[in-house]
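There are 2 protein chains.
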Amino acid sequence: MTISTVGLDADDTLWHSESHFLVTEQRFGALVSPWLPSEEAAEKLLTRERANLEVFGYGVKGFTLSMIETAIEASGGAIPAEALQQIVNWGKEMLSHPVDLLPGVEATIDALADHYRLVLITKGDLFHQESKIAESGLAERFHHVEILSEKSPTHYRRVLDRHGVEPSEFLMAGNSLRSDVLPVIEIGSYGVHIPYGIIWGHERVDRTELEPSWHHLDRITDLPQLLGTLV
Amino acid sequence: MTISTVGLDADDTLWHSESHFLVTEQRFGALVSPWLPSEEAAEKLLTRERANLEVFGYGVKGFTLSMIETAIEASGGAIPAEALQQIVNWGKEMLSHPVDLLPGVEATIDALADHYRLVLITKGDLFHQESKIAESGLAERFHHVEILSEKSPTHYRRVLDRHGVEPSEFLMAGNSLRSDVLPVIEIGSYGVHIPYGIIWGHERVDRTELEPSWHHLDRITDLPQLLGTLV
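Here the protein sequences line up with chains X and H, keeping their order.
For the first sequence, the residue numbers in this note's numbering are 170 to 400.
For the second sequence, the residue numbers in this note's numbering are 170 to 400.
Hints listed in this document are in silico derivations from the structure and should not be mistaken for laboratory results.
Treat each hint with caution, since some may be false.
The list makes no distinction among identical chains, and a pair is therefore deemed to hold if it is satisfied within one copy or across any two copies.
To be verified - Derived lysine to any residue pairs resembling SDA-like cross-links, with alpha carbons at most 20 Å apart:
#: 1; residue 1: K213; residue 2: D387
#: 2; residue 1: K213; residue 2: V257
#: 3; residue 1: K213; residue 2: D391
#: 4; residue 1: K261; residue 2: T193
#: 5; residue 1: K261; residue 2: E223
#: 6; residue 1: K261; residue 2: R347
#: 7; residue 1: K261; residue 2: L395
#: 8; residue 1: K261; residue 2: G246
#: 9; residue 1: K261; residue 2: G273
#: 10; residue 1: K261; residue 2: S188
#: 11; residue 1: K261; residue 2: L329
#: 12; residue 1: K213; residue 2: I302
#: 13; residue 1: K213; residue 2: D330
#: 14; residue 1: K261; residue 2: T216
#: 15; residue 1: K261; residue 2: A220
#: 16; residue 1: K261; residue 2: E242
#: 17; residue 1: K261; residue 2: D279
#: 18; residue 1: K261; residue 2: E355
#: 19; residue 1: K261; residue 2: H313
#: 20; residue 1: K261; residue 2: H384
#: 21; residue 1: K261; residue 2: V314
#: 22; residue 1: K213; residue 2: E309
#: 23; residue 1: K213; residue 2: L270
Quick caveat: nothing in here was measured; it's all calculated off a predicted structure.
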């Protein structure tokens, strides 16, 4: 069976996202530096974010609340309220940040759209993801946009069922092995890893978990060519 | 054309939600009472929430961040960090609160499911809405679950298009005139208003805006009977 449908991740696959988190984490490290060395700040924040995932889910608002909690805890309650307002302002800045497309994204999507049904598959905050998709100007090139709360094999299976696509005719490409590659391989689809420079601690996976059944590309612009070799 | 598809709102239509916001708002009023009389606290919080909607969207996480900002502003930065942690804890409590179904909801949904295609149509935070739907035990009685970032005529039209439903064969029932009734009447569907005891300031509409083309029910258990009279 040939590939009919190509799923693309959004954050850090089509546009920059993790770089904005990193800038904010660095600012956060400076803010809490009276109480914590900066390596510890990053570690404590990640621990808090992970603990909060099951109640907040993914996205900037939960990240902002996790920064507030980490700052209060790290300072033993001594951090002044204005510093916490500063954290809220960073959250708003991230939510309002213009969308920066990664190089070659538009041309690649145009090339793929001629031959495949394209589906944008992203996870996280519904409102923020919709805003970014609208602002990117790419929405109309996709047959469907799927914003999921998590990217598990079950979630992918549900998306394919909804659109009547067999796993064997589906390829997913994205920057996260954990979210974009491993779960689609598990359901019998093709997975393509296109790393972004920075990877969020929570998305890291041990490479030994991986079967050699996924593809690796350095840049999204190589995707049309790879697809040509698969069919 | 007869009605084939019934849309049901979730928060304050199938289960309690606004009552949890109200409890938190009262706690918030007490927390900021050293700086603000309680009526003013509620008003300032609503103003802040509305201003933040375009960057946060709907949901508990944005509400929590708005409480934090309002408390910092109202206290001129004097509020201690532990009080702000308390606000974060209330947000988490709301996000983890068990789902309380409204009276008669299960029986009504069972009765409707025999005759109509049921779609759950809710707005707000994807992660929190999915958690509540899963916990409610009602998910499998619905053909589809649609979680929207906003409930505008355009959003409803998109949902109906996606499922191949004509506006004239669609009825939407919910507690908000603004979100569940007015926009569906605008696209030519049936709207049924089933008020909840408490209404969030942002959802209030002036009744003079309304054409007399919507239906009013005191409780969801009357919905099957109303549907019987419409077809």
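Here is how each hint holds up against the structure:
In this homomeric assembly, K213 and D387 never come within 20 Å of each other (Cα to Cα): the closest approach is 31 Å inside a single copy and 50 Å across copies. In this assembly of identical chains, the alpha carbons of K213 and V257 lie at most 20 Å apart whether taken from the same copy (18 Å) or from different copies (17 Å). In this homomeric assembly, K213 and D391 never come within 20 Å of each other (Cα to Cα): the closest approach is 38 Å inside a single copy and 52 Å across copies. In this assembly of identical chains, the alpha carbons of K261 and T193 lie at most 20 Å apart only when taken from the same copy (11 Å versus 23 Å across copies).
With identical chains, the CA atoms of K261 and E223 are at most 20 Å apart between copies only, with a shortest distance of 10 Å across copies and 22 Å within one. For the identical chains of this complex, K261 and R347 are neighbours neither inside a copy (27 Å) nor across copies (26 Å), given an alpha-carbon limit of 20 Å. Within a single copy, K261 and L395 get their C-alpha atoms no closer than 39 Å, and across copies no closer than 45 Å, so neither meets the 20 Å cut-off. For a Cα distance limit of 20 Å, the shortest separation of K261 from G246 across copies, 19 Å, qualifies, whereas the shortest one inside one copy, 23 Å, does not.
Taking the closest pair of Cα atoms, K261 and G273 never come within 20 Å of each other, the shortest separation being 28 Å inside a single copy and 41 Å across copies. In this assembly of identical chains, the alpha carbons of K261 and S188 lie at most 20 Å apart only when taken from the same copy (16 Å versus 27 Å across copies). Taking the closest pair of Cα atoms, K261 and L329 never come within 20 Å of each other, the shortest separation being 34 Å inside a single copy and 33 Å across copies. Within a single copy, K213 and I302 get their C-alpha atoms no closer than 31 Å, and across copies no closer than 32 Å, so neither meets the 20 Å cut-off.
With identical chains, the CA atoms of K213 and D330 are never at most 20 Å apart, being 40 Å at best within one copy and 46 Å at best between copies. For a Cα distance limit of 20 Å, the shortest separation of K261 from T216 across copies, 17 Å, qualifies, whereas the shortest one inside one copy, 22 Å, does not. For the homomeric pair K261 and A220, the shortest alpha-carbon distance between copies (12 Å) is at most 20 Å, but the shortest distance inside one copy (22 Å) is not. For a Cα distance limit of 20 Å, the shortest separation of K261 from E242 across copies, 16 Å, qualifies, whereas the shortest one inside one copy, 22 Å, does not.
For the homomeric pair K261 and D279, neither the shortest alpha-carbon distance inside one copy (32 Å) nor that between copies (43 Å) is at most 20 Å. With identical chains, the CA atoms of K261 and E355 are never at most 20 Å apart, being 37 Å at best within one copy and 33 Å at best between copies. Proximity of K261 and H313 under a CA criterion of 20 Å is satisfied in neither setting, with 28 Å inside one chain copy and 32 Å between copies. Within a single copy, K261 and H384 get their C-alpha atoms no closer than 36 Å, and across copies no closer than 40 Å, so neither meets the 20 Å cut-off.
Neither within a single protomer nor between protomers do K261 and V314 lie at most 20 Å apart by alpha-carbon distance, with minima of 24 Å and 29 Å respectively. In this assembly of identical chains, K213 and E309 lie within 20 Å of each other by CA distance neither inside one copy nor across copies; the values are 40 Å within and 39 Å between. Taking the shortest alpha-carbon separations for K213 and L270, neither the intra-copy value of 31 Å nor the inter-copy value of 38 Å comes in at or below 20 Å.
Against the hints set out earlier in the document, violations occur for numbers 1, 3, 6, 7, 9, 11, 12, 13, 17, 18, 19, 20, 21, 22 and 23.
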